[in-house]
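S.K.: Chain G is already provided as a structure; the job is to place chain Y on it using the hints.
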Amino acid sequence: MNEEIKTSTSSPKDDAALIRAFQAGNKAVFDELVLKHKDKMFNLCYRFLGDYQDANDSAQETFIKVYRSLKKFRFESTFSTWLYRIAVNTCKNKLKSSEYRHRKKMVRLDNPGKSEGTTDSIEIRDKTQSPLVELEKKERLVLIQNAIDSLPPEKKAVVVLCDIEGLSYEEIAHITGYGLGTVKSKLARARLDLRKKLRRVI
Amino acid sequence: MECAKIKELLSEYIDGTLDAQNKALVEAHLLACKNCKEELASLKVIIKELGSLESVEAPEDFLEKIHERIKPRFKLGKIIQTLFFPLRIKIPLQFATATVMAILIFSFLYIQQPEKQIVDIRDGLKHVKMAKKAKVDAAKGAPEKEDYKPQSITKETAVQQPIKERKIIELALLLKTKAPNITYAPDTEMEAIPAPKKKARAIEEEKTYKGAPLGTSADRREAPDAKMKTGVLKEEKQAMALPERKMTALKDEIGLSSSYLDDILSRVKNLIDRVNGKVISIEYDKHSEQPQSITGDIPAKNYNSFWRKLKELAPLQAPPPAISEKDQKVIQIRIRFISSK
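Chains G and Y supply the protein sequences, listed in that same order.
Position one of the first sequence corresponds to residue 1 (our numbering), numbered consecutively onward.
Position one of the second sequence corresponds to residue 1001 (our numbering), numbered consecutively onward.
For reference, chain G alone in the conformation it holds in the complex (with noise of 0.2 Å):
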């Protein structure tokens, strides 16, 4: 499973080729690498925050500082792992900001018996399932989003750059800046969390 996502994602050469075009004065090529990458990045930012809005804002967000200091990038390491280093610090900063914050109180406020995940959750299609196996399947799908909504921003990056993106321990620490023990452990006390929370349901 993790393996399939990571075949699909990694192409450093083409990525290389592409940035060099771009690096030479070919700004089009840009639009092959958002179109190359932005549904990994927008799934990640979505994880991330748990709000298809947001994550919206932050994967353009993600691509426009890509755009913008794409002429400096030295191949020091893949371009998906400065991508994804772009993106979930993209994303940390979103949930620092007031107006996030702003958001958030506003929808719990709004809507006091629902969580703030219940909200802005996207339609998941499963055209096999009875519409009652698809309620349980999407509430199920709601509550995970939840618990890794409420873990703190570190742990949160660690697992699911991990679990949902299906990055190695290294690929992890290069994007965090963490070293490989700290992510495994932050990793371990993520799941240990999330298992915490969803007893109920698992």
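Honestly, I wouldn't trust all of these hints.
[To be verified] PhoX-like, lysine-lysine: derived pairs with alpha carbons at most 25 Å apart:
#1 Y:LYS1065 with G:LYS92
#2 G:LYS138 with Y:LYS1048
#3 Y:LYS1048 with G:LYS38
#4 Y:LYS1071 with G:LYS27
#5 Y:LYS1065 with G:LYS27
#6 G:LYS92 with G:LYS38
#7 G:LYS155 with Y:LYS1023
#8 G:LYS72 with G:LYS27
#9 G:LYS94 with Y:LYS1065
#10 G:LYS38 with Y:LYS1065
#11 Y:LYS1034 with Y:LYS1023
#12 G:LYS71 with G:LYS36
#13 G:LYS65 with Y:LYS1065
#14 G:LYS72 with Y:LYS1071
#15 G:LYS92 with G:LYS72
#16 G:LYS137 with G:LYS92
#17 Y:LYS1023 with Y:LYS1048
#18 Y:LYS1005 with G:LYS197
#19 Y:LYS1037 with G:LYS197
#20 Y:LYS1329 with G:LYS38
#21 Y:LYS1044 with Y:LYS1023
#22 Y:LYS1034 with G:LYS197
#23 G:LYS38 with G:LYS155
#24 Y:LYS1301 with Y:LYS1329
#25 Y:LYS1044 with G:LYS137
#26 G:LYS71 with Y:LYS1071
Just so you know, these hints were derived from the structure itself, not from any lab.
In this text the structure is predicted, and so the values were computed from the model without any measurement.
M.R.: Chain Y alone, transformed into the frame defined by chain G:
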């Protein structure tokens, strides 16, 4: 105690990254501990669940939106939008902009003001020609802009001239009258008498002033008592033609001797010369042909020293007026001769 440690290792055990020693430790514990075995199963489910979460795709217009956000960075409208929207966060920026605008407006107005003032001065010169204040303002303001300087100067001189001509300082010199009529009456004749004779008379006169302090001749004439002089003079005059004497005495209404007046006149002339002034005219009485006044131009700066010296000649009827316009270079003065009967 051991369970807690094992739980920490379960994550890596699932990922298969544990070293052989820890792996054996975990496996041995799991065989004995049911709770940790359940925990392992739950963690595996969670990891599977997380990995099987459906990937959320970016919206179709994702790339377009990025293009929109990249390009308008250089467009004014978008800059304003990013500055002012959303309002909740960037209100301080609005205040900053408002403050900057206010500063710009005020500084612009402030810079423009001096130009306006110069224009006003120029206008003032055109319209208020006679006002002295305008002259002073022009003198102050003119150097600021050289362009206007020649204009202001010509205007100023045009303004100044009529004022200077009209303004005449009048000083009245009080000359002491000797004994009425007869005393100095014969002197009137002296105008007709040739110069040597006049001198001889003057010497004779001086002789009569016995004991009088030596000073200017004017002083000497004023100083002695009239009685003594008249006595001596009477004798002299008797020797001369009486009818003529009577006639001139009648004519001489101010009761001043011509020689005395001439002397004063020449002294005043000298004074004017000494203060670098210029005699313009001397006014004579039609009947007596005696000088009544003298008019002259003197430098304003010497005015004070002039009237002080004049006071030494004879007392002034009134204290000399002070000159109000210090900027005036030349002043015209008229000294009238008045007898102090």
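S.K.: Give a verdict on every hint.
M.R.: Results for each hint:
Annotation: proposed proximity of LYS1065 (chain Y) to LYS92 (chain G) holds, straight-line Cα distance about 22 Å (limit 25 Å). Of the supplied pair hints, the one linking LYS138 (chain G) and LYS1048 (chain Y) holds, its CA atoms being roughly 16 Å apart against a limit of 25 Å. A distance of roughly 24 Å separates the Cα atoms of LYS1048 (chain Y) and LYS38 (chain G); the hinted pair therefore holds under the 25 Å criterion. At most 25 Å may separate the alpha-carbon atoms for a hinted pair to count; LYS1071 (chain Y) and LYS27 (chain G) meet this at roughly 12 Å.
Using a Cα cut-off of 25 Å, the hinted pair LYS1065 (chain Y) and LYS27 (chain G) holds, with the two alpha carbons roughly 16 Å apart. At most 25 Å may separate the alpha-carbon atoms for a hinted pair to count; LYS92 (chain G) and LYS38 (chain G) meet this at roughly 18 Å. For the hint pairing LYS155 (chain G) with LYS1023 (chain Y), the CA-to-CA distance comes to about 24 Å; that is within 25 Å, so the pair holds. Taken as a hint, the LYS72 (chain G) and LYS27 (chain G) pair is honoured in the structure, with Cα atoms around 14 Å apart against an allowance of 25 Å.
Annotation: proposed proximity of LYS94 (chain G) to LYS1065 (chain Y) holds, straight-line Cα distance about 18 Å (limit 25 Å). For the proposed pair LYS38 (chain G) and LYS1065 (chain Y), the alpha carbon gap of about 12 Å is at most 25 Å, so the pair holds. With a C-alpha separation of about 17 Å, the suggested pair LYS1034 (chain Y) and LYS1023 (chain Y) falls inside the 25 Å cut-off, and the hint holds. In summary, the hint linking LYS71 (chain G) to LYS36 (chain G) is supported, as the alpha carbons are separated by about 19 Å, within the 25 Å threshold.
Proximity of LYS65 (chain G) to LYS1065 (chain Y) is assessed by CA-CA distance (about 14 Å); at most 25 Å being required, the pair is judged to hold. With a C-alpha separation of about 19 Å, the suggested pairing of LYS72 (chain G) with LYS1071 (chain Y) holds against the 25 Å cut-off. For a cut-off of 25 Å, the pair hint linking LYS92 (chain G) to LYS72 (chain G) stands: about 23 Å separates their Cα positions. The suggested pairing of LYS137 (chain G) with LYS92 (chain G) is violated, with an alpha-carbon distance near 28 Å, which exceeds 25 Å.
For the hint linking LYS1023 (chain Y) to LYS1048 (chain Y), the alpha-carbon distance of about 21 Å falls within 25 Å, and the restraint holds. As the CA atoms of LYS1005 (chain Y) and LYS197 (chain G) are separated by approximately 20 Å, the hinted pair is consistent with the 25 Å bound. Of the pairs offered as hints, the one joining LYS1037 (chain Y) and LYS197 (chain G) holds, with about 18 Å between alpha carbons and a cut-off of 25 Å not exceeded. For the suggested pair LYS1329 (chain Y) and LYS38 (chain G), the alpha carbons sit about 92 Å apart, so the restraint of at most 25 Å is broken.
For a cut-off of 25 Å, the pair hint linking LYS1044 (chain Y) to LYS1023 (chain Y) stands: about 16 Å separates their Cα positions. Annotation: proposed proximity of LYS1034 (chain Y) to LYS197 (chain G) holds, straight-line Cα distance about 20 Å (limit 25 Å). Taken as a hint, the LYS38 (chain G) and LYS155 (chain G) pair is honoured in the structure, with Cα atoms around 23 Å apart against an allowance of 25 Å. At roughly 7 Å between alpha-carbon atoms, LYS1301 (chain Y) and LYS1329 (chain Y) fall within 25 Å of each other, so this suggested pair holds.
Taking the CA atoms of LYS1044 (chain Y) and LYS137 (chain G), the gap is near 18 Å; set against the 25 Å cutoff, the hint holds. Of the pairs offered as hints, the one joining LYS71 (chain G) and LYS1071 (chain Y) holds, with about 17 Å between alpha carbons and a cut-off of 25 Å not exceeded.
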